[in-house]
Amino acid sequence: MNVVILGCGRVGSTLARMMYKDGHTVTVIDLQSEAFRRLGTKYKGQRIVGNGIDEDVLRRAGIENADIFVSVSQGDNRNIMAAQIARHVFGVKNVIARIYDPIRADRYRQLGLVTLCTTTIASGLIRDFAANGEWGLAKDYSQEYITHAV
Amino acid sequence: MYVIIVGGGNIGYYLAKQLVAAKHEVLLLEKDRLRYRTVSEELGEVVMQGDGCEVAQQTEAGFGRADAVVAVTGSDDDNLVVCQMAKLEHNVPRTISRVNDPRNEKLFHKLGVDATVSSTKIIYNLIEQEVGGGEVIPLAALNRGNIEIVEVEIGARSPVLDGDIKSLQLPSEALIISVIRGGHAILPTGETTFAVGDSVVILVNADREHELRHVFSEGV
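Protein sequence lines, in the order shown, are assigned to chains A and B. Per this note's numbering, the very first residue in the first sequence carries number 1; after that it's consecutive. Per this note's numbering, the very first residue in the second sequence carries number 151; after that it's consecutive.
Don't take every hint at face value.
[Claimed, not checked] Not everything, but these chain B residues come out facing chain A in the computed CB check (under 10 Å):
hint	residue
1	L169
2	K173
3	V205
4	A206
5	S225
6	D226
7	D227
8	E239
9	D251
10	K256
11	K260
12	L261
13	L325
14	S328
[As the list claims (entries may be wrong)] Below 30 Å or equal to it, Euclidean Cα-Cα: the simulated DSS-like pairs (lysine-lysine) are:
hint	chain 1	residue 1	chain 2	residue 2
15	B	K260	B	K271
16	A	K139	A	K42
17	B	K256	B	K181
18	B	K181	B	K167
19	B	K167	B	K271
20	A	K93	B	K260
21	A	K93	B	K256
22	B	K167	A	K93
[Unchecked claim] Covered stretches of chain A (in silico footprint by chain B; criterion: 3 or more residues with CB under 8 Å from a CB of chain B, positions within the stretch not fixed):
hint	segment
23	30-43
24	97-108
25	119-133
For the record, the hints were derived by calculation from the structure and aren't laboratory data. Beta carbons: idealized from backbone N, C-alpha and C, even for Gly.
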C-alpha cells in the first residue's frame, strides 16, 4: 500500500514506523526536517519537507498514487484542509484526518471525511474506566511498538 | 448589514474601519490577545477576542444573524474552516475568504466558499498587464457555477485587429458581451470589428479562459 502521512509528530512518526515495518511504501511530510528525527533509524521510507496544504508538496510526496492519506499535523484546520485537497483534488480513496475539536470532527465526518477525534476517544475511555474499572474497545498497541522496536 | 470579520491583521483592521464608517454593523474577531488589545484600543467594542473556527465562539459572536462572514487571516486553512463552519453551523448567506495561494481559489469555491480574493493573483495580473497587451484580466467570478467575466485590451499588435467578431475562433462557452470603445460600451454584433484601445468584456467558463489567451495573445 502507498501511504502518505502529513505531520511527523508523535502519532505521525509512530504510524510511519509501524506501517513501514509492515512492508508498506510510506512517505511522511513535515514543515520541519528536525521532526524526522522521531522516525528513528529503522524507518527507510521517504521524508518530504514542506507545507501539507500545498498541492506541489503533496504531489512530490506521491499523493497521486496514494492508497491512503492520513493528516495528523498539529493544526486541526491544516488537517481538515489537507484531507479535503487529498479527496477533492487528488481523489485519494481513503482519507483520514485527526481533529482535536469534537465539533469540527463531527461536522466534517458528516461531510464525508473519516475523522478521528482523539479528544473524545481518550476522554470517553477514561470516563468508562473510572466508572466500571474496565477498558473499552481500544486495544493498547504500546507493547507491539516497544517489543518490536519499530 | 451585519458583517463579521475574522482575523485582525492589517486587512481585517482597515476593512472593519471602512465598514464602520459606512454605517454597517461590524464585528472583528481576533484570536491573539496582544493583537486584540492593540486593535480594540482604536476600534473599541467592535472587536472581540476569540477563535473564529470554534463553534461556541461563532455562536457568541452572532454568526447566526450575520449577512456576511469575511475570513482574512494569514492562513488559507484557517480561512477555509471559518467559512465552511459558518455555512454548516449558521447558514451564513455569504462567506468571503482571503486566499494566499491562488490555486486555492478553485478549491475553496468547490468546498462551498462563496467568494475568494487573492492578492497574489491580483498583483500578478497587474504585472502581466504592464508587460504586454492581449492579457486576459479576470474582472469577476459569478457566484454559482464556474463562470468568469474577463476583460481583454486590444493593443496595436493584436492578432484580432480589424477583424470582426464572427470570424474569431472563440472557444465554446465564451461569449463577448461588450466592447468598450472611447469610454462607451457597445453591444456588439457579429459584424463589430476591433480597434486599438478597445476593451473586450467576455463571459467565459473559467476552465476555458486559457483558450481565450491564445486567441488574443500578442506574443510579447
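Evaluation of the provided hints:
1. L169: violated, 25 Å
2. K173: Violated, because the Cβ-Cβ distance from K173 of chain B to chain A comes to roughly 33 Å (cut-off 10 Å).
3. V205: Status holds, d = 5 Å.
4. A206: holds, 8 Å
5. S225: holds, 7 Å
6. D226: At 6 Å from the nearest chain A Cβ, D226 of chain B passes the 10 Å test, so the hint holds.
7. D227: holds, 4 Å
8. E239: holds, 7 Å
9. D251: holds, 7 Å
10. K256: holds, 9 Å
11. K260: holds, 6 Å
12. L261: At 6 Å from the nearest chain A Cβ, L261 of chain B passes the 10 Å test, so the hint holds.
13. L325: violated, 29 Å
14. S328: violated, 34 Å
15. B:K260 to B:K271: It holds: about 18 Å lies between the C-alpha atoms, which stays within 30 Å.
16. A:K139 to A:K42: holds, 24 Å
17. B:K256 to B:K181: holds, 27 Å
18. B:K181 to B:K167: Holds. K181 of chain B to K167 of chain B sits at ~18 Å (cutoff 30 Å).
19. B:K167 to B:K271: Judged against 30 Å, a Cα distance of about 25 Å means the pair holds.
20. A:K93 to B:K260: holds, 18 Å
21. A:K93 to B:K256: holds, 21 Å
22. B:K167 to A:K93: violated, 46 Å
23. 30-43: violated (count 0)
24. 97-108: holds (count 4)
25. 119-133: As far as the segment 119-133 of chain A goes, the hint is violated, because 0 residues have Cβ atoms under 8 Å from chain B.
Checked against the numbered hints above, the structure violates hints 1, 2, 13, 14, 22, 23 and 25; every other hint is satisfied.
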